[in-house]
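Asks: Top line first, the protein sequences correspond to chains E and B.
For the first sequence, the positions run 1 to 325 when the working numbering is used.
For the second sequence, the positions run 326 to 646 when the working numbering is used.
Just so you know, the hints here were simulated from the structure itself, not pulled from any lab data.
Keep in mind that the hints are not guaranteed to be accurate.
Heads up, incomplete: computed chain E residues facing chain B, CB under 10 Å, no partners named [unchecked claim]:
#1 64
#2 66
#3 75
#4 93
#5 105
#6 107
#7 124
#8 165
#9 166
#10 174
#11 286
This one's a predicted model, so the numbers in the text were calculated from it and none came from an experiment.
Backbone N, C-alpha and C fix where the C-beta goes; we use that ideal spot for every residue, glycine too.
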Amino acid sequence: MKKITFREALREALGEEMKKNNSVFVMGEDVGLYGGVFKVTQGLIDTFGEDRVRNTPISESAIVGLATGAAMMGSRPVAEIMYIDFCTMAMDPIVNQAAKVIYETNGKIKVPLVIRTQGGIANSNGSTQSQSLEAWFCHTPGLKVVMPSNPYDAKGLLKTAIIDDNPVMFIEHKSLYGIIGEIPEKEYYINFGEANIVKEGKDATIIATSRSVHSAIKAAKLLEEEEIQVEIIDPRTLVPLDIETIIKSAKKTNRVLIVHEGHLSFGVGAEISSQIYENVFDFLDAPIKRLGGADVPIPFSPKLEKLSIPNAENIVKAIKELMYF
Amino acid sequence: MKTKISKDEIVKLYEKMNLIRLLELKVIELAKKNKIYGNLHMYIGQEAVAVGSINALDPGDVITSGHRGIAHSLAKGGDPKKVIAELMGKETGYCHGKAGKMHLAIPEIGMMGAHGIVGSGIPLATGMALHFKMNNSNNIAVSFFGDGAVNHGYFHEAINLASSWKLPILFICENNFYAISTNISSAMSSKNLISRASSYDIPAISINGMDVIEVYEKTLDCVKSVRNGNGPCFIEAKTYRFRGHHEKDNLMYVNKKEIEEWKEKCPIKRIESLLTSQYKFEKKDFDLINKSIEITIEEAVNFGLNSSFPEEYELFNFLFS
Numbered sequence: 001m002k003k004i005t006f007r008e009a010l011r012e013a014l015g016e017e018m019k020k021n022n023s024v025f026v027m028g029e030d031v032g033l034y035g036g037v038f039k040v041t042q043g044l045i046d047t048f049g050e051d052r053v054r055n056t057p058i059s060e061s062a063i064v065g066l067a068t069g070a071a072m073m074g075s076r077p078v079a080e081i082m083y084i085d086f087c088t089m090a091m092d093p094i095v096n097q098a099a100k101v102i103y104e105t106n107g108k109i110k111v112p113l114v115i116r117t118q119g120g121i122a123n124s125n126g127s128t129q130s131q132s133l134e135a136w137f138c139h140t141p142g143l144k145v146v147m148p149s150n151p152y153d154a155k156g157l158l159k160t161a162i163i164d165d166n167p168v169m170f171i172e173h174k175s176l177y178g179i180i181g182e183i184p185e186k187e188y189y190i191n192f193g194e195a196n197i198v199k200e201g202k203d204a205t206i207i208a209t210s211r212s213v214h215s216a217i218k219a220a221k222l223l224e225e226e227e228i229q230v231e232i233i234d235p236r237t238l239v240p241l242d243i244e245t246i247i248k249s250a251k252k253t254n255r256v257l258i259v260h261e262g263h264l265s266f267g268v269g270a271e272i273s274s275q276i277y278e279n280v281f282d283f284l285d286a287p288i289k290r291l292g293g294a295d296v297p298i299p300f301s302p303k304l305e306k307l308s309i310p311n312a313e314n315i316v317k318a319i320k321e322l323m324y325f
Numbered sequence: 326m327k328t329k330i331s332k333d334e335i336v337k338l339y340e341k342m343n344l345i346r347l348l349e350l351k352v353i354e355l356a357k358k359n360k361i362y363g364n365l366h367m368y369i370g371q372e373a374v375a376v377g378s379i380n381a382l383d384p385g386d387v388i389t390s391g392h393r394g395i396a397h398s399l400a401k402g403g404d405p406k407k408v409i410a411e412l413m414g415k416e417t418g419y420c421h422g423k424a425g426k427m428h429l430a431i432p433e434i435g436m437m438g439a440h441g442i443v444g445s446g447i448p449l450a451t452g453m454a455l456h457f458k459m460n461n462s463n464n465i466a467v468s469f470f471g472d473g474a475v476n477h478g479y480f481h482e483a484i485n486l487a488s489s490w491k492l493p494i495l496f497i498c499e500n501n502f503y504a505i506s507t508n509i510s511s512a513m514s515s516k517n518l519i520s521r522a523s524s525y526d527i528p529a530i531s532i533n534g535m536d537v538i539e540v541y542e543k544t545l546d547c548v549k550s551v552r553n554g555n556g557p558c559f560i561e562a563k564t565y566r567f568r569g570h571h572e573k574d575n576l577m578y579v580n581k582k583e584i585e586e587w588k589e590k591c592p593i594k595r596i597e598s599l600l601t602s603q604y605k606f607e608k609k610d611f612d613l614i615n616k617s618i619e620i621t622i623e624e625a626v627n628f629g630l631n632s633s634f635p636e637e638y639e640l641f642n643f644l645f646s
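Excised from the complex, chain E in its bound form (with noise of 0.2 Å):
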């Protein structure tokens, strides 16, 4: 085992797929001589050279659409943009072609095609470079969407979505890049549609994604000072779901909590907690509990931005409730 950041779990990522296939390259903007504002490419572009390490203008459309064109001829492209918050514009090849060139062709044509991406809150950046939008991308039926917690994660993860022939959205956090975590010398993949059950515990399940899940964590430690021990679940991979692990769990503890960036209302804790309802609505003693981002436009102000998310105190509180429903 070494100790490597998030970062550079996903820049190991990119590197072994892009050695193991030439078909593999990147495409974004800076991500070459400047290493991507978040430095996850860096250094990718002396190994690879700038043919397959490409820098784009500011076109989100045309990156995410001639990566889609590439794809579909055969060619597997990593095409970054900046900040989900920029995939609005390029929703059409996103939505309307990626997503649905496979089922359209039946089969026939298939579009190979990862976009990382990331989203979250740091330190006032304000209501479009802040957010976090990965339900309009699970409502989009032909989308895979990934979103790693920690570098073990988001390595495995970033392999296993450059050898699917599927497009994937790949959505990391950008409060996460620098965290470290422990992964294997070895290679490894790690499969889509398999959650991580980060702690076991017996009193209540937390279902969190992305820096949720860090939250999670440290709320369970100050439960653990009042004897709640909560199981904690990183589904990891939001589609396709590992619902099976989840309402395992649900029927172990009987109350539920989903926490999220995402904003709360239609977010994707509502597409899960409905699916545990459908499935084990007579092992749940309490009505399932959501937490996610204000239903509102993330303000810049840091005192009020903080107050936009949910936090380990807001998780701690809300499990109590679940406990003494």
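Fit chain B to the supplied structure of chain E, relying on the hints for placement.
Replies: Only chain B this time, still in chain E's reference frame:
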């Protein structure tokens, strides 16, 4: 160097244009009988553009088109049976009935898709050209789109990048002067459509889209340049649709005189004139050709009518690979 087109090639072009014309007329008839579904956007009047230009391509070259894609599919070599079956939503269609006219794709012959969103095929074709360049291929991509698309953001982003990266793509704008009811003079800020290409440093020409031979020969020149690695080229083919934007459009925004003037320039009539005057074609020669086309279409229609719709369970097929 100018290519001297042979009589056989002229006849081939004529046959192709007539196949498209007659098949589209049959499609309109079938739609009225509720055998073909969806909104129909016909290509009638514009046949010379698809036929002439695609005739200049190699089999391995790829194309994308807009919402009038039946013509491009047939011009590229699509089987009328599987095209009609697709329009009928049958499982024997090229896309198993899941694409229909709007998203018809025949990748086996390089027809990489018609598109329902104006402009969306342009970045895709550009990406296909990127793939060719990265793989040192001799093939090129061609993107067909209308005058409406050249004001769209996606066009500008794609053509800028195509030029910047010197990609092997030919942009063909089928300028029929109307985006639904909006005349190009009120939509496009420049007086001159090809400035849309020259502003991106791309060589561009404006041609008579009603003359299939001019379309073929000028496209061939551009194709050669693109294939030689000189970067993109742009063709504006001036043409006209004789019918509405779609079959429910009553053309209330057009001067009837204008339509009649353009009908005089019909690309099929033009070649009939040429074959008559220069190659001594007689009525019986044309009848022979048309009879053969009519039989082909009849067989295609019967094939479609006798085919089944997809099975219920196929609703969920191929969401993912």
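Asks: Are there hints from earlier that the structure breaks, and if so, what are their numbers?
Replies: Hint check: 7, 10, 11 fail, others pass.
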